[in-house]
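K.L.:
Protein sequence lines correspond, in order, to chains A and B.
All residue numbers for the first sequence refer to our numbering, where the first residue is 46 and numbers rise by one.
All residue numbers for the second sequence refer to our numbering, where the first residue is 559 and numbers rise by one.
A hint or two may mislead.
According to the in silico footprint, chain A covers these stretches of chain B (three or more CB under 8 Å from chain A) [as the list claims (entries may be wrong)]:
(1) 601 to 615
(2) 658 to 669
Only pairs whose alpha carbons sit at most 16 Å apart, straight line, appear in this in silico EDC-like list of lysine to aspartate or glutamate [stated by the list, open to error]:
(3) K600(B) with D615(B)
(4) K560(B) with E89(A)
(5) K656(B) with D101(A)
(6) K600(B) with D640(B)
(7) K102(A) with E113(A)
(8) K656(B) with E89(A)
(9) K60(A) with E130(A)
(10) K637(B) with E573(B)
(11) K603(B) with D640(B)
Some chain B residues near chain A, calculated using beta-carbon distances under 10 Å [what the hints assert, rightly or not]:
(12) V562
(13) Q564
(14) P566
(15) S590
(16) F592
(17) Y594
(18) Q596
(19) L645
(20) A647
(21) N649
(22) N655
Hints are computed from structural coordinates only; laboratory data are not their basis.
Don't be surprised by glycine CBs; every beta carbon is placed ideally from N, CA and C.
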Amino acid sequence: GAGVSQSPSNKVTEKGKDVELRCDPISGHTALYWYRQSLGQGLEFLIYFQGNSAPDKSGLPSDRFSAERTGGSVSTLTIQRTQQEDSAVYLCASSPGTGNSGANVLTFGAGSRLTVL
Amino acid sequence: RKEVEQDPGPFNVPEGATVAFNCTYSNSASQSFFWYRQDCRKEPKLLMSVYSSGNEDGRFTAQLNRASQYISLLIRDSKLSDSATYLCAVNPRYNFNKFYFGSGTKLNVKP
Numbered sequence: 046g047a048g049v050s051q052s053p054s055n056k057v058t059e060k061g062k063d064v065e066l067r068c069d070p071i072s073g074h075t076a077l078y079w080y081r082q083s084l085g086q087g088l089e090f091l092i093y094f095q096g097n098s099a100p101d102k103s104g105l106p107s108d109r110f111s112a113e114r115t116g117g118s119v120s121t122l123t124i125q126r127t128q129q130e131d132s133a134v135y136l137c138a139s140s141p142g143t144g145n146s147g148a149n150v151l152t153f154g155a156g157s158r159l160t161v162l
Numbered sequence: 559r560k561e562v563e564q565d566p567g568p569f570n571v572p573e574g575a576t577v578a579f580n581c582t583y584s585n586s587a588s589q590s591f592f593w594y595r596q597d598c599r600k601e602p603k604l605l606m607s608v609y610s611s612g613n614e615d616g617r618f619t620a621q622l623n624r625a626s627q628y629i630s631l632l633i634r635d636s637k638l639s640d641s642a643t644y645l646c647a648v649n650p651r652y653n654f655n656k657f658y659f660g661s662g663t664k665l666n667v668k669p
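Between the sequences and the hints, there should be enough to build the whole structure, so can you do that?
P.N.:
Structure below.
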């Protein structure tokens, strides 16, 4: 597609429920990132995928968080047993991911705003 | 110590003013540098990549100071529409696809 698409745009859930957030990156982009942004805060890195390499999961805050990327394209971020502190905007970004100039410029999706009651 | 640090502001300036922000980074091996703009409740969007020699795009000028490990963004002739949060991002040499973001500097341009 023309841009990075995320769904849902808004999700309200009850504490303890599981949620899935979806990201559809720009076609052809090999690198895909998930970030979290709490109200008034900066971007917190969660995970990134690069082609067929093992993902860098170093930013996942707990084992309740997981992500997968199927077929090198669409990615799903899953949060199990949600807690109130998980409330944030979850941003997905993609980049061309090759070694050329401009290849590591990120394009962000509009985000999924998660509210845990 | 955070990888990237920014003054959160807010910077409140009148229209037409010149304003500058700095962003310091801790890893001297950092390779690529960027400024992103984020409007309220929107996603960040790339404003400028920052090149070693410095670069200019209209009213915006970005500069890199490797010796002191900071990048700067200068906005001349501020417009109301420049009101936003400006995030810097740093990419280390050892990992082309790893980015560290600052927490952003908020700019309010007043009429």
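K.L.:
Against which earlier hints does the structure fall short, listed by number upward?
P.N.:
Failing hint: just 3.
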